[in-house]
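S.K.: Letter by letter, the chains look like this.
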Amino acid sequence: MSAEAKLKELGLTLTQAPSPVAQYVPAKQVGNLIYVSGQVPFRNGKLEYMGKVGAERTPEEGKKAAELCALNALAVVKSLIGSLDKVEEIVQVRGFVNCTPEFTNHPEVINGASDLFVNVFGEKGRHVRAALGAPSLPRGATTEVEIIVRVK
Amino acid sequence: MSAEAKLKELGLTLTQAPSPVAQYVPAKQVGNLIYVSGQVPFRNGKLEYMGKVGAERTPEEGKKAAELCALNALAVVKSLIGSLDKVEEIVQVRGFVNCTPEFTNHPEVINGASDLFVNVFGEKGRHVRAALGAPSLPRGATTEVEIIVRVK
Amino acid sequence: MSAEAKLKELGLTLTQAPSPVAQYVPAKQVGNLIYVSGQVPFRNGKLEYMGKVGAERTPEEGKKAAELCALNALAVVKSLIGSLDKVEEIVQVRGFVNCTPEFTNHPEVINGASDLFVNVFGEKGRHVRAALGAPSLPRGATTEVEIIVRVK
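Chains as they are written, first to last, in the numbering used here: chain G, 1 to 152; chain W, 1001 to 1152; chain R, 2001 to 2152.
Keep in mind that the hints are not guaranteed to be accurate.
Straight-line distance between alpha carbons at most 27 Å, and here's what the computed DSS-like set of lysine-lysine pairs gives [to be verified]:
#, chain 1, residue 1, chain 2, residue 2
1, R, Lys2124, R, Lys2046
2, G, Lys124, R, Lys2152
3, R, Lys2078, W, Lys1086
4, R, Lys2152, G, Lys152
5, G, Lys124, G, Lys8
Selected chain W positions facing chain R (Cβ under 10 Å, derived; list incomplete) [said to hold, decoys possible]:
#, residue
6, Tyr1024
7, Val1025
8, Lys1028
9, Gln1039
10, Gly1082
11, Asp1085
12, Arg1139
Simulated from the structure, these hints should not be mistaken for lab results. Remember, it's a predicted structure, so these values are computed and weren't measured experimentally. The beta-carbon is built from N, C-alpha and C at its ideal position, and this holds for glycine as well.
Bound-form chain G, shown alone (with noise of 0.2 Å):
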């Protein structure tokens, strides 16, 4: 099944690409490799996870923010290449959670993102990838994610 259709099945729906409000670029192609810009969770031009993993956000909501970063990067892609079924694989990903010291779970919370990617891409969509802690995000966000995608 295509990622657009398997996107379909799973009832997800791209929200509109998040526009920087700076001098950058939502992604870039250089080769056949597409960069693309650390995403928050945004929906529909507004933070929907904002505030820390162990304090006011549980992990599972951090795991919720994970998915909707990785939502809004396949969203900067496609609206960089028009399709992703155009999208060989998923080749890397880094996903920060803005935790307290005392966290240790990032991995469960960036599994939201790790596991979109797997339902949407199959094995195409495993990746490499870190999982880290920051103190703090852009806007006070949950999470930031990056990824490298490689298309034909």
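Based on these hints, arrange chains W and R on the given structure of chain G.
M.R.: Then chains W and R, alone, in the frame of chain G:
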């Protein structure tokens, strides 16, 4: 106008490219991409901006720190390839802000780097970006900026 | 001397390449670059260094943790391509130190990884680097290290 001429017009001087004090190198070229080591706000061998944004440092000072990191990254690129006029585009900028857990204006701080690249390179200076918080940075630096550049 | 022989001479043993516990993979090759997932200081399935540098851990322990992360990254590369002698160069190292907000000696900690790469690969082991602080890391790990390697 060429990047070198633009730099001169803006009255910006590349400081001496900082030398790593360990077993690493300032930059490496692989194919047509140059990876640059994380730069902190050194000027002539002295760290110009130390301390956390939200505590000892204002966001405006953080922005100037990020600009200086960006200048140092360009100095490193120039010392590797001889002239900034060989730069085809700034591909990616990753900026870390040494800040308090309450800080949320990372994008404005990292704009110090982003604006510099666009001022010097115009449209080719627009890049993919991630802005993130860090609880601490090497030597107490206020910001750290990593870039990837594409060359001819 | 080959990297494999050097590793033996140094008395270093690659631990079993850690298996990701989620939907991601330890490493991926794109063209002649291998991207390696963020490695934490596991040895034989057990996290050997937990806790923050500046609190529960000394910088010297952090350095050993970073070395172990680097060894794990090499184990991952070897399990992907069969032999470290196929490594052309270590391109990039990004090291995160789980530390207190007051800590400033990140470079010395991440030298644990950098020194290992140079000891094993000589001049080809010298890399671009970023050393950063993190307020927390997965499972409470003391360090996390990501690398990019170029192969033949």
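S.K.: Looking back at the numbered hints, which does the structure fail to meet, lowest number first?
M.R.: 1, 3, 10 and 11
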